Amino acid sequence: MSNQLRDTNYHIHVDSGHRFLTFNLKETWKYRDLIWLFTKKNLLVRYKQTVLGPVWLILSPTMTSIMYTIFFGTVAGIDTEGLPKIMFYLAMNGLWSYFSVVFFRCADLFRGHAYIFGKVYFPRLVMAFSEMLVSVIEFLIQLPVLVILCVWYSFHGMAIPYITWFWIVIILFWVGMMAMGCGILVSSFTTKYRDLRILVGYAVRLWMYATPVVYPLSILNPGWLRTLELINPLTYPMEFFRKMVLGVGGAPVYSLIISVVFTAAAAVLGILVFNKMERNFMDTV
Amino acid sequence: MDRSVMVEVKNLKKRYRLGEIGTESFRQDLQSWWARHQGKDDPLSRIGEEPDVFYALKGLSLTFRRGESIGIIGENGAGKSTFLKLLSRVTAPTEGSIDLYGRVTSMLEVGTGFDGEMTGRENIYMNGAILGMTRAEIDAKMEEIIEFSELREFIDTPVKRYSSGMYTKLGFAVASHLDSEIIIMDEVLAVGDIAFQNKCLKKMKEAVTSEGKTVLYVSHNMNQIRQLCDRVIVLSRGDLVFDGDTGEAIEFYLKQFQTEKHARDYREEIRPDWLHDERIRIVSAEYRDRDSIYFYRDEPMKIHMVLQTEQDVEKLGLRIEVSNTNDVKLGTYFLYDICDCHAGERIELDIDVDISSFTNDTYNTIYCFFVRDESGTNLNVDRVYGLSFVHEDSLPARKLNWETENWGYLALPGAVVTHVEKH
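Protein chains in written order, with the numbering used here: chain C, 1 to 285; chain V, 1001 to 1423.
Any given hint could be a false lead.
Unchecked claim - Listed below are several chain V residues computed to face chain C (Cβ distance under 8 Å; list not exhaustive): (1) Val-1090; (2) Pro-1093; (3) Ile-1098; (4) Tyr-1101; (5) Ser-1106; (6) Glu-1144.
To be verified - Pulled a few chain V residues facing chain C out of the computed Cβ check, cut under 8 Å: (7) Tyr-1016; (8) Thr-1091; (9) Thr-1094; (10) Leu-1100; (11) Arg-1103; (12) Met-1118; (13) Thr-1119; (14) Gly-1132; (15) Ser-1163.
Calculated directly from the structure, the hints in this document are not laboratory data. As the structure is a computational prediction, the values presented were derived from the model and not from experiment. All C-beta atoms, glycine included, are put in the ideal place defined by N, C-alpha and C.
Let's have the full structure, built from the sequences with the hints guiding it.
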């Protein structure tokens, strides 16, 4: 049995110092099985012992979209660029929810998993990626509602573009990395000072109104409000998603550049700070 | 056998901050950040100056080699768990370094990382993956793990339906079979049945001797430490105070925390309010043959007492009431008609007490002198807290792992089988 002790070159050095520029991605990749297992577990645990189970995944965004349709669409009369209001809100709310869910799950990463983090070591990023993957799967479970509506409306004469999986995956990765980067960056500071977590909760709600979620970008006339909107890194993916799925939407290229640069910066900075902080997190949770 | 270094710990320190996190700690954070920014010493890093800061480990340096099983003992707050946490990388050291030359399986708690909703089998995969094993590697071990856990029929049941004993079994089966070179366990064998505990200890011992693994085991159970470990380190308040042979370490440990006196002077002792009788007073008590309160195996407790009589006392009797450390009375020794005493006498008593029925534990006593009046009732004439005693390596505990919570503190004597008949 002594052949088990084969790994003679194995060596881990732990000390109080930390090189800031460690991404830990190689080690995280080694734990890819664990990412998948956590994803499975988190999905399983969230909907076990609920009567409707995963039906909630479809039900709750649909309900929200119906509410938006009634209040923003009908009562407030927001123009949806000629798209059926329910479809507009399903698509927009769907992607926004994905963003905010990934964000909050990552922001609460340490408090949510304190039990396991306090007892065993594995790269904490594993959990962040797994939370992102859970959210991706949940989003994909919700997607058929939109697809069915698309098919239904196309029989009624609406020109629906051909959705490519390729673009959906790109957008999900893009928005997901942005949300995860921001989320883990926030989590690095909120474990200790929870005020920040409350503050961030408000900020994200405000962010939603600065993002074309309940209204299209096109209703904003040129001016500072529109400029602000275009600087918002979420604007481009939201509009782009609508363009890909429903055929209408879009934002100027500089908005795209801002979004991509922001996403990359948030992801890189988030991971770096997170890796620095994770080592002592459990002392303060 | 290859005795290469598996774990090397140098000057390991861990600082924790006490108290609530709030505006005060925010201020301190800013302070130390600012100091560091200015290139000065962190004002909080000087030990003792900041009351909110304490060092759980104060600079450990140790080397653990392949094929060693090391016991870690120490009182609560000695830094044992912090040490294991640092070794298993749950948290990082404040100063110093750790070099690990093998993969670490840590079991800081039974069934770490188990999720109640998932089945036994799924949890095995989970635990393996946490260690960094691939699915194929875990599959190769699966059969062995299930076999060891004795849970074959329940392996596809969610673990939330498991009893705590089953939980332990699965947890231990996983931890002991995973492909790691260093195994860290924090008092995980306190639960579960004796048979399984022994099986686990045997398995660990085997892993150490034939597979050359390195085992670090924290326990308060000296019997388990004796069974498993060939080297023991003793920690006290964050410092290493002993490192060496198991037997010597355990003796060192038990003696070290001996704060209880082996002799007491009662001249200044305040008696309870209800005691109005002043006919006789106990002056002092001490153990005759030792300067500790530790009694090993079936040694008798030999007490020497000095009494002073103020008035005549007839048929003096003594009760030695024994209670556990939670102040539950366990039983009382009665000594009747010790002597008749006269006013002004100084009396010395030697008493031998058979404490062999008491199992391994610490006991407190009360000495109460009494006389019997005409109607036969006891009248207390003096009462003081007596000398405590610790029974170690007692006969019952040597025969089997004594379960105090189930069986109590006393192994009652006197039962014998007088006849066995087979048909």
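The hints, checked one at a time:
The criterion of a C-beta within 8 Å of any C-beta in chain C is met by Val-1090 of chain V, whose closest approach is roughly 6 Å, and the hint holds. Residue-level restraint check for Pro-1093 of chain V holds (minimum Cβ-Cβ distance to chain C is 5 Å; threshold 8 Å). Residue-level restraint check for Ile-1098 of chain V holds (minimum Cβ-Cβ distance to chain C is 4 Å; threshold 8 Å). Proximity of Tyr-1101 of chain V to chain C holds as hinted, the smallest CB-CB distance being about 6 Å (cut-off 8 Å).
Interface restraint check for Ser-1106 of chain V: the shortest CB-CB distance to chain C comes to about 6 Å, inside 8 Å, so the restraint holds. For Glu-1144 of chain V, the suggested interface contact is broken, since its CB lies about 11 Å from the closest CB of chain C, more than 8 Å. Given the 8 Å rule on beta carbons, the hint for Tyr-1016 of chain V holds: about 6 Å separates it from the nearest Cβ of chain C. Because the closest C-beta pair between Thr-1091 of chain V and chain C is about 5 Å apart, less than 8 Å, the hint holds.
For Thr-1094 of chain V, the interface hint holds, since its Cβ comes within 8 Å of a Cβ in chain C; the closest pair sits about 6 Å apart. Taken as an interface hint, Leu-1100 of chain V checks out: its beta carbon lies about 4 Å from the nearest beta carbon of chain C, inside 8 Å. For Arg-1103 of chain V, the suggested interface contact is upheld, since its CB lies about 7 Å from the closest CB of chain C, less than 8 Å. Interface restraint check for Met-1118 of chain V: the shortest CB-CB distance to chain C comes to about 6 Å, inside 8 Å, so the restraint holds.
With a cut of 8 Å, the hint placing Thr-1119 of chain V at the interface with chain C is violated, because the nearest CB-to-CB distance is about 10 Å. The beta carbon of Gly-1132 of chain V comes within 6 Å of a beta carbon in chain C, closer than 8 Å, and the hint placing it at the interface holds. Interface hint at Ser-1163 of chain V: violated, since its Cβ lies 20 Å from the closest Cβ of chain C, which is beyond the 8 Å cut-off.
The structure shown violates the earlier hints numbered 6, 13 and 15.
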